[in-house]
Amino acid sequence: MKRALVFILLAIFLLPLAVRPAIASEIWIFAIFGLGLNLLLGYTGLLSFGQSTFFGSAAYVAGFLLKHYGISTLLALATGVGVGAASAAVVGYLCVQRSGLYFIMLTFALNQLFYFTAYQWTSVTGGEDGMPGVPRPALLGIDFSSALVYYAFVSALFLISLFLMKRIVESPLGKILQAIRENEVRAEAVGYDVPRFKLLAFVIGGAFSGLAGVLYAMLFGIVPLEAISFVFSGNVVFATLIGGSGSLYGPVIGSFVFIWLSESMSTVWARWPLLLGVAFVIVVMFFRGGVVEVFTRLRKWQFSRQKT
Amino acid sequence: MSFIAAQILNGIATGMLYALMGLGLSLVTGVLNIPNFAHGALFAVGAYLLATVAIFLGNFWLALLIAPIGVALLGLVIEYAGIRRLYAAGHDYQLLFTFGLALILSESIILIWGPIGSSYLPPQILRGGLDLGFTMYPKYRLFVMAAAGLLVFAAWLFLEKTRYGAIMRAGIENKEMVSLLGIDIQWLFTVAFALGAYLAGIAGALIAPIRGLSPTMGVDMLGIAFVVVALGGLGNLLGAIVAGLIIGVAQALVAAYWTEASTVVIYAVMAAVLLVRPQGLFGIR
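Protein chains in written order, with the numbering used here: chain A, -16 to 291; chain B, 71 to 355.
Next comes chain A alone, as it looks inside the complex:
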């Protein structure tokens, strides 16, 4: 943990030197989003392909209130967390009653419900053009108009989120969720109300997604339609899988790799999703387990060389 923390702090300080502050902020925002998903995917064993439902809903609602009612940054963040959790409670209630492939398909289908609602409700969401004009109000006298100051704010919130998530997965609740992942029937037999715990995981994950959604809207000053589309749901799943869903830090590493790659590739070629697709296929064929797995394999190889 200590070493990981040192690494992350170092990355937070060095990142703005390597990339634009906006992209650096996006990396940590996406990491918060990934932390929320990984509570479901990595710790509870629930593959949700609809996380942008909560991300996007929070971004739209908080963005709308920021834009039209001039609410404070703190209230916007609270709204985002609340909307994320509430929308996750609704979607989760429908999804946790089915398992396996049905579950995956339901999360996607309900994501489409929210997406098409946002797509058609143009008077509020702006439809395909997105909802521009989301302000970034000052908090406690700190002016966020500078990209670097906002980056520091996002980084701080990321560290808090990481700390919270670490506490959650190490708590008794986290252990119960892992028990459900390992053997659902046994967890049920031991006396845990499995659907309720799954729903709870959904709501917590939704709250993290909501926080990420608001931060994203404030970062770019716009809520693009993609924020609530399957594209974002897919991106966060892949970022987490690329990083490695088996560890707390997997989604962090994953969003680092994913955002960096996608931001640099998308400026080079408009059809870069094609390369992304090829990358997915290659990862699945040869590097299952993600970056974390490649790292452990390298380390094992190093150890075995030192011994001989």
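Read the hints as simulated data drawn from the structure, not as lab findings. Note that the structure is predicted; figures quoted are calculated from it, not measured. Don't take every hint at face value.
[Stated by the list, open to error] Rough simulated footprint, nothing fancy, chain B against chain A, three-plus residues with beta-carbon under 8 Å: (1) 21 to 33; (2) 214 to 227; (3) 252 to 260; (4) 264 to 271.
[Unchecked claim] In silico negatives: residues of chain B with every beta carbon more than 12 Å from chain A: (5) Phe73; (6) Gly198; (7) Trp257; (8) Ile294.
[Unchecked claim] Where chain A lies over chain B, by a calculated footprint (3+ residues, C-beta under 8 Å): (9) 96 to 106; (10) 166 to 174; (11) 225 to 233.
We put the CB at the ideal spot given by N, CA and C, even for glycine.
Since the structure of chain A is provided, determine the placement of chain B on it from the hints.
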């Protein structure tokens, strides 16, 4: 009145295509036990292939025959070269793979045919309307209804009345038992995937003259196919037809009065049904 009747007919025509999509997906999902996010992209490939082949050969009917077979062959390659190695992997990696494929296919569509959608007219003989007594109705949509009905009937004959269909249904029920009985399960997987791809391809080919071609048509249809499977159940032919018709007709009726909500209603209907029956219309799981 005749307007509503025409809308219901529209709903039945698209509903039959939804049923074909859902049936193909539920065969693949049920037999192979993978989340197939490439199903929508295969549908889009079917539509684009039809238009291209029809324009190249100058013959719609030949294209309608060739395009879905092309998609089925594509499915064969995908299963043989990729999905075959992933049966032991978790759903997360299977999803990553099929979604990667979907990205590759839909981006290739943009690269080959361009990012802007286009329309494709049905053949001369199917243009214009037919007087049904209570309303004038486009001939092509009647043809789609008949063709989709025929395909569903053929699928029913295959699944219920042939030995291979029985093996396929058994594969959905219990794969271990099927392989214990000495049936080559690998062969079954390949055939099921190709068959699912064929159904997606022919649904795409049939819909092209109605809705035109656009690069996003695949992912839009993917969501609908998921709805059909979630409501109708895996490998359930009757379930796919009923679910497809319900959402097709609901969509057409809502579109008549509140066009903006016509896509949302598909998912709203699904959510409403699942609230009352979490296991779907015919599901037991």
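Now the hints, each set against the structure:
1. 21 to 33: holds (count 3)
2. 214 to 227: holds (count 4)
3. 252 to 260: Three-residue rule met by the stretch 252 to 260 of chain A, so holds; n is 5.
4. 264 to 271: Per the Cβ count (5), the hint holds.
5. Phe73: Per Cβ check, Phe73(B) is outside 12 Å of chain A; nearest 22 Å; holds.
6. Gly198: holds (32 Å)
7. Trp257: About 22 Å separates Trp257(B) from the closest Cβ of chain A, which puts it past 12 Å; holds.
8. Ile294: violated (8 Å)
9. 96 to 106: holds (count 4)
10. 166 to 174: holds (count 8)
11. 225 to 233: violated (count 0)
Consistency note: the structure conflicts with the earlier hints numbered 8, 11.
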